[in-house]
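Chemist: In case you want the letters, here they are:
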Amino acid sequence: MIRLENLTKIFETQKGSVVAADHITMEVPSGEICILLGPSGCGKTTTLKMINRIVPPTSGKVFIEGEDTSGMQTQDLRRNIGYVIQQIGLFPNMTIEENITAVPRLLGWDAKRYRERARELMDVIAMDPNLFLNRYPSELSGGQQQRIGVARALAADPPVMLMDEPFGAIDPINRAVIQDEFLKMQQALKKTILFVSHDIDEAIKMGDRIAIFRDGRLVQLSEPDDLLAAPKDDFVESFLGDDRALKRLNLVRVGDIVSSEIGTVKPGDTLATALERMDDHGYQLSILMVNDRNEPVGMIPRSVASFTRGYCRDHFQPLPGTIHVRDNLRKATSLMFAEDTTWLPCIDDDGRICGQITQRAMTRHLGARFRAAERAVTEPATGA
Amino acid sequence: MLASMLQRFGRLLLLALVFAAGAWTYSTGFIDEFMWHWPDVQYLTMQHIWLTAMSGSLAIAVGIPLGIVLSRPGMAKVAESIMQVLNVGTTIPTLAVLALSMSFLGIGTVPAVFGLFVATLLPITRNTFTGLAGISPALLEAAAGIGMSPMQRLFRVELPNALYVIFAGIRTALTINVGTVPLAFLIGAGGLGELIFTGIDLFDPAMMLAGAIPTAMLAIAVDASIALIAFLVVPRGVNPNRA
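Heads up: the sequence lines are chains R and P, in that order.
Okay, so the first sequence: first residue is 1 according to the numbering used here, each after it adds one.
Okay, so the second sequence: first residue is 1 according to the numbering used here, each after it adds one.
These are computed hints drawn from the structure, not numbers from a lab.
Some hints here could point you the wrong way.
Which residues of chain P face chain R? A partial, calculated answer using Cβ under 7 Å [what the hints assert, rightly or not]: (1) G89; (2) T91; (3) A138; (4) G145; (5) I146; (6) G147; (7) P205; (8) S225; (9) L228; (10) L232; (11) P235; (12) G237; (13) V238.
For clarity, every value in this text was computed on a predicted model and none was experimentally measured.
Glycine is no exception: its CB is placed at the ideal position from the N, C-alpha and C atoms.
Given only the sequences and the hints, what does the whole structure look like? Please build it.
Modeler: Dropping the structure here:
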């Protein structure tokens, strides 16, 4: 857990005092990633760097795991905090192994222990220890270097990590890969992480919470979905962008809004049965056909069912696509747009049909959150 | 194919030329004359090396710490002006420095070593300073951020990464030093300058060359051995020669 209490930084410049961070008070619960987000010069990096005193705070307190850090020696404090920076900052004169074991060696571990730890960490970041441990940073690609940077920060198993735009200098394709790897790693490691970013999409993807900064002040601290649904003011709203409703598509799973009620036909049913069932369920265009194991195999269009006689198995058409319940709405939307359809069958892990998702259900779900948020803003709760 | 044949031919031609030059110098009696000075050459070479070693190690012992001190953040304001003073110092010809140090310290080894020390100091200090100043701020922040003390930062990160540049400074400085030692003869400190200047005064080219050739070879040897030390000492990750 990290708690900041009235953390303030005032820089004295020739033009007078500049308040870089103004009484920042916030808390990051254990095991969560909190993204500090905002335009450049908003104080997010200053706030981060005050925690490990790279920027000495003017006033205020930092608590780590409930303990006030102001009494701790700077070096002891830093050795207990993992630190990853955008420029990576691997030591070019040291091998990868020496880089990773830098903190354990500072802490005086014996050689056998830190060697083992280095191999362990290489497994965590999915790099071959035999191949890389004896290399030098200059022999690695940018993405590989930043993985090593993360491993170095994790070396002494600190409970808390500070990451300053860690993936900002990596090309977009590798960035997505390394973000996914990092999230997977975090699921196992459960570190408490403060993470500076200026990329709203990265923040939504990585953050359990997002803290929006502006002019040295913390404007809003919310979970990503709440933030997108209910930006606190015009600044946050404009920072999130005009397409913030679309951004929420990333955050909602198909499973959250799937409707389990779905009419289907079997290959052995007649087309007349199919038409009847379409009318029963009110389907305008088509009905899904499933096999005996309940796996979707095709669909019967209304036009076929109305004017033809026979069995479904002889007249079905291929499906536009299916969507997995754990996929997010962004993927579902993309598929719908690509296939010009307003609904998609949803499947579970075994490939069996478990319901459907419609454009109507999606817009209703997203809209409901917006309306709820608007009500909360315009009609503040009254009473005791 | 053609290239390798040309190369072979070139090598043979070079050997033939060296042989011809040797035969010619022998036939003129030059080698005998040269060898006549051999005991002097041996003695004076030792003296020459000693002067270089004394002044050079003094310059390293002072120059590197000075460069380190100047590169500390607290010194940022005065560092540039001190470097300027040192820069002006090197524009004074070495002969003038030797003459000046003679007027304070008299004649002999002490003023010579002092004069050579002053001439050698600057390249070492300057390269130490630039090498340390050139280390990327990100590296320093990473080193501080993982909890290194200022001393650990200096010895584990800053110096190893600046070592290549520092060695380049030492190499330049000592090579210049070896070439400057002959001037020390003029203030009575001996060295191979004794053969060179006396040879000039006596119109005796053999004597002059008996001083000049060993001086040149010494300079090359010093340059090569420092390059070798640098190759071995500078960590592989920051050594462009060992990439």
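Chemist: Go through the hint on G147 of chain P and say holds or violated, using the shortest Cβ distance to chain R against 7 Å.
Modeler: Result: holds, 4 Å to nearest chain R Cβ.
Chemist: Against chain R, is L232 of chain P within 7 Å by beta-carbon distance?
Modeler: violated, 14 Å
Chemist: Interface hint check: G145 of chain P, Cβ to nearest Cβ on chain R, cutoff 7 Å. Holds or violated?
Modeler: holds, 4 Å
Chemist: G89 of chain P was flagged as interface toward chain R. Is the shortest Cβ-Cβ separation under 7 Å?
Modeler: violated, 32 Å
Chemist: Any CB of chain R closer than 7 Å to the CB of T91 of chain P?
Modeler: violated, 34 Å
Chemist: Does P235 of chain P pass the interface check with chain R, least Cβ-Cβ distance below 7 Å?
Modeler: Because about 4 Å separates P235 of chain P from the closest Cβ in chain R, which is inside the 7 Å limit, the hint holds.
Chemist: For the hint on P205 of chain P, does the least C-beta distance to chain R fall short of 7 Å?
Modeler: With a minimum Cβ separation of about 50 Å from chain R (threshold 7 Å), the hint on P205 of chain P is violated.
Chemist: Verify the interface restraint on G237 of chain P: the C-beta must sit less than 7 Å from at least one C-beta of chain R.
Modeler: holds, 3 Å
Chemist: Hint A138 of chain P vs chain R: min CB-CB distance below 7 Å?
Modeler: holds, 3 Å
Chemist: Was the hint right that S225 of chain P lines chain R, CB cutoff 7 Å?
Modeler: violated, 23 Å
Chemist: The hint names V238 of chain P as touching chain R; please verify it with the least Cβ-Cβ distance against 7 Å.
Modeler: Holds: closest Cβ of chain R sits about 5 Å from V238 of chain P, inside 7 Å.
Chemist: Regarding the hint that L228 of chain P lies at the interface with chain R, is the smallest CB-CB distance below 7 Å?
Modeler: This hint is violated: L228 of chain P lies away from chain R, its Cβ roughly 19 Å from the closest one there, beyond 7 Å.
Hints 1, 2, 7, 8, 9, 10 from the earlier list are contradicted by this structure; the remaining hints agree with it.
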